[in-house]
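Numbered by this note's numbering, the letters in the sequence shown go through residues 8 to 544 in order.
Among the clues, some could well be false.
Below, in silico cross-link-like pairs of lysine-lysine (DSSO-like), each with a Cα-Cα straight-line distance of 27 Å or less [what the hints assert, rightly or not]: (1) Lys-448 x Lys-365; (2) Lys-49 x Lys-506; (3) Lys-365 x Lys-49; (4) Lys-365 x Lys-506; (5) Lys-180 x Lys-428; (6) Lys-82 x Lys-180; (7) Lys-139 x Lys-49; (8) Lys-506 x Lys-448; (9) Lys-175 x Lys-506; (10) Lys-175 x Lys-365; (11) Lys-150 x Lys-139; (12) Lys-506 x Lys-54; (13) Lys-54 x Lys-251; (14) Lys-251 x Lys-175; (15) Lys-375 x Lys-54; (16) Lys-82 x Lys-142; (17) Lys-428 x Lys-82; (18) Lys-49 x Lys-150; (19) Lys-82 x Lys-175; (20) Lys-448 x Lys-49; (21) Lys-49 x Lys-251; (22) Lys-272 x Lys-82; (23) Lys-428 x Lys-49; (24) Lys-180 x Lys-375; (25) Lys-448 x Lys-180.
Keep in mind the hints are simulated off the structure, nothing from the lab.
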Amino acid sequence: MANAYQQYLWIAVCGGICGLLYAFLIGANDVANAFASSVSSKSLTLKQAVICASIFEFCGALFLGASVTSTIRSKIIDIDLYTDQPDVLMFGMFTSMFSASIMLWLATFFGLPVSTTHDMVGSIMGFSIAAKGFKSVEWDVAKKLFLSWVLSPLIAGTGGFIFFAFVKYVVMKSDNPFQRAYYTFPLVLTIGIGIDLFYTLYKAGNNLKALEDLSVAIALPASFGVGLLCGLIWIFGVGPLVEKRIVNAREERITNSLQDAVNRKSTLHTEIDPTMMHENEGDLYGESALGNDPEAAQQEKVEQIPSQEIVASEAEEPMEGIRKFTMTFSDMIDMFGESTYKQDLHAQSMSENTRAAKIWDHGEEYDKDAEHLFNFIQVFTACLNSFAHGANDVANAIAPLSAVLYIFHYGTIESKTGVQKWLLAAGGGGIVLGLLLYGYKVMKSLGYKLTKLSPSRGASAELAASLTVVTASFLGIPVSSTQCIVGAISGVGLVNGPKNVQWFFLLRVMLGWGVMFFLAVLLSAGIFSFAAFSPDL
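Please put together the full structure from these sequences, using the hints given.
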């Protein structure tokens, strides 16, 4: 079947490039939402975060991304106004992706954690206002979106405050924090897996015919049953192994501490024999029994080299070029790692922000064994948050691209069409690649500069943010995952008092959200108007 708008092949190709570029930039800017707190609390290294994201961002995009994708594509604007001009809608979606990519690249370049949802929604609204006027925007839907952008960080922040207050006063401040933390994990498993699995099963029917007839009465108990089963597996299977590992780590930590104390004490009582210093004084200054004659000293060194070593050295000379090439390639790999996933984000952040350094230095510390256990809890909640992020934010890149490709192929506009799985998969892949190559920049802002994070703090923030985002995704509301995690982290920091949150930094981030949205509207409208309404030559 021939494409309906073959003459606009360039729009389809350029739109595909912009869509994948935007997915890459989402990974570079927005994926820090899922893993910034895990990396800052040292539950995961940056390299491990990339590996986890490659799994859960991809799965969230593939299995739960279709619901939000259809919302952004067809409900933000009145597409009925474009029924007679599908080519205008196709071009408008392309300009939306182009302008949104420019805005997000600039924000990422300067390390600003902005809302990619604001960016894309504003860009779509901007082109439609330029093409059909303000009447083309579905303002009732837009008002709900604006309201959700205010409520979602408040809800996530309240959840983060409640979760960490519970963890702090019921678990960490108890007489046996490790034991209580041990039984907190199965509760988190049951709730987290139950909710995520329910949303996945119930909403995956949009893309999987086998699940179209699955009712809530079946999906809900089945999902929480699986969550409960995972909790029981932790208590009776995995948990004891983890507990043994933590106990061994504690004993090793104590042993090393005692050994260091002994070594320091022995060093203090060690005295150097002055006579030995005089005997070796000449060697210390590069002198030998030959006196200060450099030629004689050099001749002595040459004579001391065995002939076998000289022969071996001469035999190795032909391999020197290969060795240099190998070292050069290895150095390139190391340079790539040092500039991406091997960076010391903590040291960089503390040197860049002295206020953040003070908060981290004076932050309250909790039982090390319990915090060690919360490492495992936080890895799980980070994966939940990553799944939610992939489900919600892949729509920002895929929705306009899906509309462009559908119109290019069929030449018509449909408000309800299935989103191709390969598009969701490509969007998820772009997000992961963006995190690997450029995600460290924004990760420093959320993970280090807002408040102090430890495994117990990070797990509470991530659980609150992931439940907020995935619930909004289930309801088809494209909330900002950036706002949710920022609200959740702020709520967690507030538990230990207002001084533990950088309010000025938070205000700057929030102002960035508003500026980002309005600039996206203006830029998209300007680019579309310039291309569509310029006089023909």
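Results for each hint:
1. Lys-448 x Lys-365: holds (21 Å)
2. Lys-49 x Lys-506: Status holds; Cα separation ~23 Å.
3. Lys-365 x Lys-49: holds (19 Å)
4. Lys-365 x Lys-506: Roughly 10 Å between the alpha carbons, so the hint for Lys-365 and Lys-506 holds.
5. Lys-180 x Lys-428: violated (48 Å)
6. Lys-82 x Lys-180: The given pair, whose Cα atoms are some 48 Å apart, is violated under the 27 Å limit.
7. Lys-139 x Lys-49: violated (51 Å)
8. Lys-506 x Lys-448: holds (25 Å)
9. Lys-175 x Lys-506: holds (17 Å)
10. Lys-175 x Lys-365: Between Lys-175 and Lys-365 the Cα gap is close to 21 Å, so the pair holds against 27 Å.
11. Lys-150 x Lys-139: Answer holds: Lys-150 to Lys-139 is near 19 Å, not above 27 Å.
12. Lys-506 x Lys-54: violated (32 Å)
13. Lys-54 x Lys-251: Roughly 26 Å separates the two Cα atoms, so the pair holds.
14. Lys-251 x Lys-175: This hinted pair holds, its Cα atoms lying about 24 Å apart.
15. Lys-375 x Lys-54: holds (24 Å)
16. Lys-82 x Lys-142: holds (13 Å)
17. Lys-428 x Lys-82: The given pair, whose Cα atoms are some 21 Å apart, holds under the 27 Å limit.
18. Lys-49 x Lys-150: With Cα atoms ~39 Å apart, Lys-49 and Lys-150 exceed 27 Å; violated.
19. Lys-82 x Lys-175: With a Cα-Cα distance of about 43 Å, the restraint between Lys-82 and Lys-175 is violated, given a limit of 27 Å.
20. Lys-448 x Lys-49: Given that 27 Å is the threshold and the Cα spacing comes to 17 Å, the pair holds.
21. Lys-49 x Lys-251: holds (20 Å)
22. Lys-272 x Lys-82: violated (72 Å)
23. Lys-428 x Lys-49: violated (35 Å)
24. Lys-180 x Lys-375: Judged against 27 Å, a Cα distance of about 12 Å means the pair holds.
25. Lys-448 x Lys-180: Violated - the C-alpha atoms of Lys-180 and Lys-448 are around 35 Å apart, more than 27 Å.
In this structure, the hints that do not hold are numbers 5, 6, 7, 12, 18, 19, 22, 23, 25, in rising order.
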